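> Using the hints provided, position chains B and C relative to the given structure of chain A.
Each chain is listed here by its residues.
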Amino acid sequence: MDEGDDIHIGRHLQRRRRLEIVFVAAGLLCLILGMLTLVTLFAEMARQGLPRLGIDFLSRYPSRHAELAGILPAWVGSLAVMVVTAATAVPLGVGAAVYLEEYAPRNLITALIEINLTNLAGMPSIVFGLMALGIFVFEFGLGRNILTAGLTLALLILPIIIVTAREALRTVPDSLREAAFACGASPWQALRDHVVPAAGPGILTGIIIGLARAIGETAPLIALGAVSFVSFLPESPIRGEFPFISFDWLSAPFTALPVQMFNWTTRPDPDFRANAAAAAFVLVAMALAINGLAIWLRHRMRREARW
Amino acid sequence: MVVERRQRDAASASPRLKAAVRDLSFYYDRQRALSDVALPIREHRVTALIGPSGCGKTTLLRCFNRMHDLYPGNRCTGELRLYPDDIDLLSRDVDPIAVRMRIAMVFQKPNPFPRSVYENVAYGLRVRGMRSRVVLDERVEQALRSAALWDEVKDRLDAPGASLSGGQQQRLCIARALATDPEMVLFDEPTAALDPVATSNIEQLISELRSTVTIVIVTHNMQQAARVSDDTAYMYLGRVVEFGTTDEIFIRPRMKQTEDYITGRFG
Amino acid sequence: MTVVRTWHARRRARERLLESLLMLAALVSVAVTVAIVYVLVAESMAFFDSVGFAEFVADSQWTPLFEDAHYGIGVLLSATLTCTAVALAVALPVGGWIAIYLSEFASPAIRDIAKPLLELLGAVPTIVYGYFALMFVTPLLRYLIPGLPGFNLLSAGIVMGIMIIPYVSSLSEDAMRAVPMALREASCAMGASRLQTALGVVVPSAAAGIASACVLAVSRAMGETMIVAIAAGSQARLGYDPTESAATLTSYIVQVALGDVDQGGIAYRTVFVAGLALMLLTLTMNVASHVLRQRFLRASVR
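Protein sequences, first through last, are from chains A, B and C. Residue numbering for the first sequence follows our numbering, starting at 2 and increasing by one per position. Residue numbering for the second sequence follows our numbering, starting at 1231 and increasing by one per position. Residue numbering for the third sequence follows our numbering, starting at 35 and increasing by one per position.
Be aware that a few hints might be false.
Looking from chain A toward chain B, a few residues come up when the C-beta cut is under 10 Å (computed) [what the hints assert, rightly or not]: (1) ARG145; (2) ALA183; (3) HIS195; (4) PRO198.
Which chain C residues face chain B? A few, computed with CB under 10 Å, are given here [to be verified]: (5) VAL38; (6) TRP41; (7) HIS42; (8) ARG45; (9) ARG46.
None of these hints come from the bench; they were simulated from the model. Keep in mind that this is a model prediction, so the values were computed, not measured. Note that the Cβ used here is the ideal one computed from N, Cα and C, for glycine as well.
So that you can see chain A by itself, here it is in the shape it has in the complex (with noise of 0.2 Å):
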């Protein structure tokens, strides 16, 4: 080898190092691109909505002055759809993904399932509400109320909720199984006080994904027929008499701080679009907080994981 050729080789090396360089930059600047974004997103948004955030914005009805409307039964009609949606999603959720985890056998029906589940989880969220709006409002007749939409939501959420439960069942050793049916417990009793209390952390962060994803969800709310312009709220679930708790509020007309935010977005005033951004403010905040938490359970999981 003569010199002619160390020095080639030697700049060739320098000319890789420098591609690797410019290589590693621009996937940096790329990741700070998304970074970028996401400040920028929030950051216009805190620009045009933070003057009108307050607690007037919070506590009043929607009007036809942007500077008199509020989001009371917005996000009041958020919060009942919510807890119809968890009441739902989570038990079936959880119950399924134990099914499948710990009974089902390997047999067609649970391929049916697993394939479907995969499917289902792809499927695009407004075709859920076209689904609702031909099986609950249409066949059913169960109307377009708070009760309708959380259902809705649940469903588009169930597959969210199946399967981070089942790798949370998944990373249960078996040793902890054996150790509780060596003790005589049943298949139920395995599962209930050992089994799913170990998996509980990764079940709920499941469980927390979904409801921010639902949360957010406008286009299935808008197929069902969500009113934009509700200015009462639901009825409170708790009576002065007997039996002190009342069920009317799931019949209730209702609207969601999504579907606020998007007809305030549609209007072509600009004074409604600064109420569309501090929806937006508080939709997002909620969002990320919810997502924040999700992350901050999953990292804190992982510190503290016994096997």
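Coordinates of chains B and C only, in the frame set by chain A:
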């Protein structure tokens, strides 16, 4: 034939028979793990199963409390009779949970539940529907005493089971197994994950327990088998090659193969 | 003895009941799919009673709400495809690059911070993205491209692309990280640089997994509703120019759902027809993604 005759001998030679394995074959899917195993288990005696890795000791042990039912694709033929009521533990008509309520198990690695010391020991009782705090307290203490753990943990019954040392955890698992007054306790290499001091504690415990329960223990460690057991079965490739009292097996083995294994020339 | 036996019998009965209940929960997901297919197909059948299939496929106009009604689904499809293409043009390079960077170059510390932050991109409600597209990206684009209409597919597509970055990057990264270390070591031992190893060995080995991630992202983009409903406009227009405003399959559904269209009429049924088309599109994509993923998993086991 030899094995069968000895079975009868062992059965007649005092302590009564607690269980008897007959013509037991076991399959993981297609793969045969046990072939025509026959083995008597004497009451209030410690029976050791020894043999090289993969010989089927653990598979045989896990037949006793139907652990294999937990996983699909397992299949077995033959009988495993439990006395004095003379039922076939492997029969489809016998509820595996009913079996596990009578026959407890201690695993290779200590596997306490992620709960307090107290709740670990009380779990088997709770599963059986026992609610009375007074009775639970009493039984938990009794079990912990039997497992020689009471003095070490009596002041921290509410501490998580995982906070104990490895040896203590294994004794906790033994207490958990004993709390429900089982007729038999199965030990699957109970000291494999422990240091020598903890090991000797557990061995002593096993020797003491034989006065109250019948014990079957799987072990890799021949000295351990010699120290704790009354009867020994040497297994190889899914068969019981030789069975006899521990003295017979270790001092005058009949089969060349057994002798080779015991003297460390093989395995 | 009998007491014990009835006790066990009662326990067994309870166990069976609970197992059936859990199975029922698992079957709900199947019922949902059946319901979706039933609704979409039944309403579409009613639609095809009055509209010929040839017209549906070939007509170059989509005007169900007008006096002179035309039902050419190709119009809505063209907008959906255009918008998806724009989204991919953003998400593929950015997401792919991020994936390679995170998997092959980034320190674990950066990865631990970047991954959850990227996930947040996918956690922002899509309605907020729609607002962002209309109020921030469109004005920016109009500054760069004079004459761009206030509603356009370009802006919607770009924001949609940003939204699906985490789908591309996270799943692709998983695929690349699943490539065995031994392959990388072999490549480096031959004198290859990390970049050469990444592009020449890791990416090809993970190709099926990366493709699966991208196809899934495409499916997400096609089904995305609120961004296009807000930023892309509502005129149904056949064409593939991203600088135009046009209604997609999804934004058309929203448009009809918001207006007061006679229920049970043919115009109303078009919503379900559009939904069926959308479902078939995304279903195809999801199945393709699944098949690719299975292929990758099988290959990586070997």
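> Each hint needs a verdict: does it hold in this structure or not?
Quick rundown of the hints versus the structure:
The interface hint given for ARG145 of chain A is broken, as the beta carbon of that residue sits about 46 Å from the closest beta carbon of chain B, more than 10 Å. Hint on ALA183 of chain A holds. Least Cβ distance to chain B is approximately 4 Å, under the 10 Å limit. For HIS195 of chain A, the suggested interface contact is upheld, since its CB lies about 6 Å from the closest CB of chain B, less than 10 Å. Below 10 Å, beta-carbon pairs count as interface contacts, and PRO198 of chain A has one with chain B at about 8 Å; its hint therefore holds.
For the restraint placing VAL38 of chain C at the interface with chain B, the shortest Cβ-Cβ distance is roughly 8 Å, inside the 10 Å limit, so the hint holds. Taken as an interface hint, TRP41 of chain C checks out: its beta carbon lies about 8 Å from the nearest beta carbon of chain B, inside 10 Å. About 5 Å separates the beta-carbon of HIS42 of chain C from the nearest beta-carbon of chain B, less than 10 Å, and the hint is met. Against a cut-off of 10 Å between C-beta atoms, the interface hint on ARG45 of chain C holds, since the closest Cβ of chain B lies about 7 Å away.
At about 7 Å, the closest approach between the beta carbon of ARG46 of chain C and any beta carbon in chain B falls short of 10 Å, and the interface hint on this residue holds.
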